[in-house]
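Engineer: In order, the protein sequences belong to chains A and B. In terms of the working numbering, the first sequence opens at residue 1 and continues consecutively. In terms of the working numbering, the second sequence opens at residue 1 and continues consecutively.
Among these hints, one or two may not hold up.
A few chain B residues that face chain A, going by a derived Cβ cut-off under 10 Å, partial list only [said to hold, decoys possible]:
id	residue
1	61
2	94
3	96
4	103
5	142
6	419
Keep in mind that the hints were calculated from the coordinates and are not lab data. Virtual Cβ for every residue (Gly too), placed ideally from N, Cα, C.
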Amino acid sequence: MTELVKHDPTTIYIKPTTGLAALNLRDLWVYRELVVFMIWRTLKVRYKQTMLGAAWAVIQPLMTMIVFNFIFGNVAKVPTDNIPYPIFSYTALLPWGLFTNALNQASRSLTANQNMVTKIYFPRLVLPISSVLAGLVDFAIAFVILIGLMFYYQVTPAWNVLWTLPFFLLLSIIVALGVSLWLSAINVQYRDVNYALPFLTQFWLFITPVAYSASVISDKWQLVYSLNPMAGVVNGFRWALLGSGSGPDLALWISVIISLVILVSGLIYFRNMERTFADMI
Amino acid sequence: MTTAIRVENLGKRYKIGTAPTKFQYKMLRDVIVDTATAPVRWARALALANKQPLLDDQPNYIWALKDVSFDLEEGKVLGIVGRNGAGKSTLLKVLSRVTEPTVGTVTVRGRVGSLLEVGTGFHPELTGRENIYMNGAILGMKRAEIDSKFDEIVAFSEVEQFIDTPVKRYSSGMYLRLAFAVAAHLEPEILVVDEVLAVGDAEFQKKCIGKMGDVAQQGRTVLFVSHNMSAILRLTEEAIVLDKGQLIMRGPTQQAVDFYLSSGQAQAGERIWDSDEAPVNAAPFRPIAMRLKDNKGKVIDTVRSIEPVTVEMEYRLEAPLTGLRVGFYLSTMRGEYIITSFDTDDVTKYEKFGARDSGHYISRCTLPADLFNEGRYSLGVNASSFGVRRYFQDEQALAFNVDISGAPGTQWAEPRQGPIRPRLDWSIEKVE
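Put together the whole structure using the sequences plus the hints.
Structural biologist: The following block contains the structure:
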């Protein structure tokens with residue numbers, strides 16, 4: 001009988017996995033082109049057969065900003081640390097929109113691509129990751145409006161925006177991806193996610209300082225409040241772009257740690273559920 | 001020679017109800033019920049733990065694959081035959097890493113490309129060109145690789161003029177040709193093919209079979225599943241036969257195909273479905289048996305072409321059904337269809353039996369004498385409500401032989417072309 005060449009790099013061993021699955025991010029790296037293609041496909045298809053096309057990426061945060069401006073800016077007059085309300089809320093709506101769009105798209109990514117999951121092998125992480133990253137394009141389009149608002153209100157960010165903004169953008173991606181991994185993997189088994197998600201995002205919006213300023217929270221609750229990593233993201237965006245708030249402090253580091261915990265636990269949960277995806281979906 | 005695939009004691013277990021049916025997922029409600037009853041199940045599991053191993057057959061589990069072991073050398077083409085539900089597709093899914101085995105190991109040397117279903121990842125809004133790149137990437141090709149094969153893929157698919165049109169405007173034939181073209185130009189060391197040749201027009205099928213032959217000649221390993229015995233015979237030298245998840249035979253293709261055709265299926269012109277054999281999702285339709293009988297009511301497996309023969313389907317309806325039709329496919333062993341017929345094809349029959357109460361039924365039909373030519377034929381069964389649901393289907397429930405002694409033209413000892421051999425009424429007239 002002929003022998004298999006052991007330890008050949010192209011040899012694949014298929015056996016039942018037990019215990020915790022390895023994260024195996026190397027496999028994901030091999031399939032990086034697929035991530036790019038999936039993002040490209042999402043973007044190509046997203047605004048097909050719509051009249052306004054990519055303008056939707058701007059309209060959504062802009063309309064929300066106008067509504068918020070009327071209710072919170074004019075009627076309720078929430079304090080904004082002396083920043084004009086439109087730019088104050090729009091700056092927060094950008095990462096918030098990135099986050100909610102990522103959750104909406106990514107939580108459905110596995111079930112929407114059911115035929116891929118049941119027919120072909122590829123690292124399943126490709127699907128939620130590409131859904132989350134595709135949101136960056138909408139973010140970039142909507143960001144153009146923010147630049148316009150900054151000129152209009154003559155807000156000049158500090159020079160360190162060049163690294164603080166990417167940092168907080170990365171943080172928002174980490175939170176979005178972490179939560180998305182949890183939701184997409186749960187959604188394979190429990191479609192309740194589809195129904196629960198609107199409530200989840202709505203509730204999350206209330207506990208995140210998008211429409212109001214985090215400074216309205218009393219000091220003794222600040223630390224509890226910062227357990228919400230999106231609070232850290234939104235405050236960070238405002239600090240980086242508008243110079244409001246105190247900048248990096250203990251609350252931010254709590255947010256960073258929580259974000260990483262969500263991401264790593266999401267990865268572990270996803271990888272462990274992955275072995276049953278094709279059978280359960 | 002090196003081994004490309006080694007399969008050792010492979011088993012895959014499904015929980016009944018979660019396995020093959022799509023769109024079946026748990027709701028939190030079920031989990032609450034599960035959790036509430038968990039202590040009882042744990043107690044039972046503990047009680048049983050000493051008596052039987054954990055993975056042993058439990059009532060709500062089925063083994064789609066069990067104790068399957070084989071080796072395959074590099075550059076060989078292996079056919080896999082077996083009836084529906086024998087585990088063929090599960091085996092391919094495990095080999096292509098779509099699903100994990102429950103027990104056992106597989107060692108695969110090289111990249112595995114699967115044609116489990118062509119066109120996976122095709123998006124209707126994208127153009128043909130865009131879909132080629134997308135689909136190529138999903139199948140594991142690198143961008144540069146797709147670039148270099150792009151023209152070849154387009155030429156093979158014969159859709160040049162429409163390459164920049166969204167595929168939602170394609171005809172189903174064009175769509176399929178494009179999808180197969182991408183998959184066929186994938187160059188993995190191991191290619192896994194499941195029944196892709198069952199679709200497309202005859203000419204394209206020929207082209208596909210040709211392409212598969214090329215792949216094999218380039219020294220790549222191919223695993224080929226098909227119900228089309230002539231394709232299996234043409235493309236493979238060796239085949240394995242699966243039955244109820246187990247490998248029951250391996251040998252030269254001709255022998256394996258003969259074994260498959262004559263085992264179980266052809267026994268005495270009768271196919272009986274045990275209650276555990278009928279798919280769960282067929283309910284409320286429950287097949288019992290399909291039989292072939294001569295005009296004296298005796299079950300036969302060899303039909304005399306000069307005598308009529310009766311095809312009988314026995315089944316039970318566990319609930320009333322409307323719009324039901326039960327019928328058969330008659331085909332040659334090469335997979336060419338000759339007749340498709342249903343018990344309620346006749347409008348008056350449909351009015352009377354379209355809606356059927358629950359109960360035990362037999363649908364029976366007599367095929368006239370002087371119909372078949374010499375050879376071997378296959379009968380399949382289908383029970384469905386048109387446009388609503390297909391309850392049960394077994395494309396190859398029965399096989400039978402036809403003996404033509406006494407048929408027209410048998411005074412000349414020559415084979416006659418064509419699957420049918422009717423007694424035609426010739427008239428010969430002398431005009432001059």
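Engineer: None of the hints should be skipped; say for each whether it holds.
Structural biologist: Cross-check of the supplied hints:
Taking 10 Å as the C-beta cut-off, the interface hint given for residue 61 (chain B) is violated, the closest approach to chain A being about 12 Å. The interface hint given for residue 94 (chain B) holds, since its Cβ lies 7 Å from the closest Cβ of chain A, which is under the 10 Å cut-off. A hinted interface residue such as residue 96 (chain B) counts as satisfied when its beta carbon comes closer than 10 Å to some beta carbon of chain A; here the least separation is about 6 Å, so the hint holds. The interface hint given for residue 103 (chain B) holds, since its Cβ lies 6 Å from the closest Cβ of chain A, which is under the 10 Å cut-off.
With a cut of 10 Å, the hint placing residue 142 (chain B) at the interface with chain A holds, because the nearest CB-to-CB distance is about 6 Å. Of the supplied interface hints, the one on residue 419 (chain B) is violated, with its beta-carbon coming no nearer than about 35 Å to a beta-carbon of chain A, more than 10 Å.
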